[in-house]
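Colleague: Spelled out, the chains give:
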Amino acid sequence: MQKLRTLIVDDEPLALKLLRAKLGKLDTIDIVGECKNGREAIAATLDLAPDIIFLDIQMPGLNGFDVVKRLQSDILPLIVFTTAYEQYALDAFDVHAVDYILKPIDDERIARAVERALERIEGVEGHDNKPRILGAIDSINQREKMGEVASQIVADMSVSNQIVDKKVVIKDRDEITILKQSDIEWVDAAGDYVCLHAEGQTHIKRSTLKELLSELDPNVFKRVHRSTIVNLNFIDKVIPHTKGECFLLLGEFEKIKVSRNYKDAIKEFLLGE
Amino acid sequence: MSHSFFQEAPSANGRKVIYQFGLLHIGFWSFVSIISFFSLTLWYGPYDWFHILHICLQALIGIGFTLILYWVFMGIWNKPFAQRASMGLLMVLLVAFVWTIVRIELFMWVTEAGNKWSEFGGWHFASVFIFLCWSGLFHGMRYNDLLKTEHRIMLEAEAETREEQIKRMRAQSIARDAQIKMLRYQLNPHFLCNTLNAINSLIEVSESEKAQSMTVQLSRFLRHSLDNNPDTKITLENEVNALNLYLKIEKTRFGDRLSLDFNIEQEAKLATVPSLLLQPIIENSMKHAIAQNESGGIISLYARVKNNRLIMQLSDTGSGIKVANSKMASSKGRGVGLRNTNERLKALYEDDFSIDIEILPSGGLKTTIELPCEDMSSEINTPNQSRPSHQQKR
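From first to last, the protein sequence lines are chains A and B.
Just so it is clear: in the first sequence, position 170 is 170 by our numbering, and no numbers are missing.
Count along the second sequence starting at 1, add 273, and that's the number in our numbering.
Worth flagging that the hints you see were computed from the coordinates, not collected in a lab.
Bear in mind the structure is a predicted one, so any value in this text is a computation, not a measurement.
Don't take every hint at face value.
As the list claims (entries may be wrong) - Cβ-Cβ distance ranges computed for the label pairs, FRET-style:
hint: 1; chain 1: A; residue 1: A265; chain 2: B; residue 2: N615; range: 50 to 60 Å
hint: 2; chain 1: A; residue 1: T177; chain 2: B; residue 2: R435; range: 49 to 59 Å
hint: 3; chain 1: B; residue 1: H463; chain 2: A; residue 2: R206; range: 26 to 36 Å
hint: 4; chain 1: A; residue 1: R206; chain 2: B; residue 2: K639; range: 33 to 43 Å
Yeah, the Cβ is synthetic: ideal placement off N, Cα and C, and Gly gets one too.
Sequences and hints are given; from them, build the entire structure.
Modeller: Dropping the structure here:
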C-alpha cells in the first residue's frame, strides 16, 4: 500500500511531539517533515510536495488558514487541521466538510482522519481541498458580521469599477478592499473562490476564475497552472524543476509552481514577448 | 410658626392650601347663612331684604372671627392636648359671645326691630354651636391633611428604598458579571485544551514526571481562579505566585519561546491588589505577543512602591509582525480586555487609580497600573489603625 507523505505543523513542541508519536504508529503514514510555523510549512510544502498536512490553526506569523490561502490550489495537499479552536469554527468545518482533529488529540480521531485522507487520494475527485477550506474560512469571517450596507456598496462598486479603472473589489470581513490590478502578484482559484495575492497579503474573493479572468488584463496575467494565474511583472526568477515543471519566484518570498502544460506562456515571456 | 396648612411643603402645595383655606371659611359661612335663611328667616317670617342683608353681614363678620380662631388654633397646635383643648374651648366661647353681641346689635340696626337683648340666650346658644362646628371642621380637615402628607412621605420613602435596592442589586450583578467573566477567562477552553494536549503528549512519550507536575500546576491554577473572588484583595506576592502557576504551564507548552523578566520590590510584594488583576493582562501578552511571534518573546513585570503608590508595569515584546500593521489590529483587540480591568478598578478604587497603555516601538504593549498602596491590615482594620504599620515598614 502507498504510504501517505505527511507534513506535521504545530508551534508547540509538545503538540508536535504528540502528533509525531501518534502518527508514527500508523503504517500508512510516512512523516517527511515537521514545521513549527506557517512560513516553514509553506516552504516545506513546496520542497517536499507532501500528500497530507496535519496543520495547527493558531500559530505565530502565518496561521493555519494563512498557509492554505497562500498555497497554490494546484499543489495544495490534503489538509487536516489540528485545533483547540472555538466552537463556531468547528461548525464551519463541519458544514464545508473540512477535516479536523480536536485537541487534546486521541487515536480514534487520527485514525479516522487518515482513513478519510486515503479514501480521498484513491478516489477520482482529486485535490479539491482548497475550496472547502476557503468556504469554511469565509463562513467564519461572515460570523464576524459583514454589514448588509457594505455588501450593497460592493455590488454598486463592482458595476462602476469596470468602467473607471482596472481594479478588483474584494469584501473581506467588515471592510472592502480595492486592489489595483498592477499590485496583484498572483491569483489562484478554488471552486467558487479566488485568492488574490498582493503585497504579502491574501484576499479571498467569491468569484470563479473565469469571471475574474474577464476583468484582468490578459497581457499581464498569464496562466501557469490549471488554477493559477501570475502577474508577469512580478516574476523575479525562474527555477527549473523536475519533469519539465518549474518554480517562479515572485519577490523574496512567494514561490509558484508552473505545470508542464502551461510552461509555454512563461517561455514566451522569457523570450521577450 | 407658619400658619399654612402644609408646613412640610408649602411651595409645592401653595395653591391647594389657599383653595382649602378659602373653602373652609367661605363654604362654611355660606352653609350657615343658607341654613339660617331657611330655618329661621323663612320660618319666623317676614323675609325681606333687610333680613337677608343681616344674614350676609353677620356671615362676613363671622369670617373675621373664624380667621381669628384659625390663627389661634394654628398658634397652639403644638401645645399639649389638655392646654389646647381648654384654650380652644375658651376661645370658641369668647368668640361666640362677642359675635352674638355684634350680630344682635346689627340685627336691631338693620331691621329696626326694636330691643332684642331679651333673646340673647337663644342667639348665643346657636353661636356657640356654629363656632364649635367650625372648630370641628377645621380639625377634621387639618388632621386629614396631615394624614395625607404622612402617607405621601411614607410612599416617597418606600420608593426611595426600592430604588436603592434596585441600585444595590444592579451593582451586585455587575460584580457577579465580572466574576463570571474572570472565570471564563481562566477557563478559556483554548488554553485548557492545549494544556491537556501537552499533558497528553508528555504521557505519550513517557515523561510521566513532567506530565504529573503539569497536571498539578494546572489544578492549582484552576483552584486559585475558582477560590478567589475578584472582589477580594490579595498581596501582590500571592498574585504573582498564581501568575507563576499559569506561566509555568505556558512555559512547558511554548518552551524556549517564552522568557520572563520579573522584578518586584520587597515593599511592593506586601501591597494588596484585587485578586486576578494581572492575570488577564499576562494572558493577553501570551496570546498576542508570545503565541504570535515565531521567535517568541519576553514578558516583563516590574513593581515598586513610590510615594505610597503601588506602580506595576507589565510589558511584552510584541508579535513581531510589521509594527505599523499590528499597531492598529492588535491594540484594538487588546483594548477590550483592558476595559474590563478598568471597570473593576473603578468599582474598587473610584478615581484613585490610573491605567496607561503604551505601544512600544517594538510593537509590544506596555501597561502601567498605579494603585494606592494598601497592605493587608488596611483590609481588615480601619485606615487609621493601619497607618502606623505603614510607617513602621519604612
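Colleague: Give a verdict on every hint.
Modeller: Hint by hint, here is what the structure shows:
| no. | hint | result |
| --- | --- | --- |
| 1 | A:A265 - B:N615: 50 to 60 Å | holds, 58 Å |
| 2 | A:T177 - B:R435: 49 to 59 Å | holds, 54 Å |
| 3 | B:H463 - A:R206: 26 to 36 Å | holds, 29 Å |
| 4 | A:R206 - B:K639: 33 to 43 Å | holds, 41 Å |
Taken one by one, the earlier hints all hold for this structure without exception.
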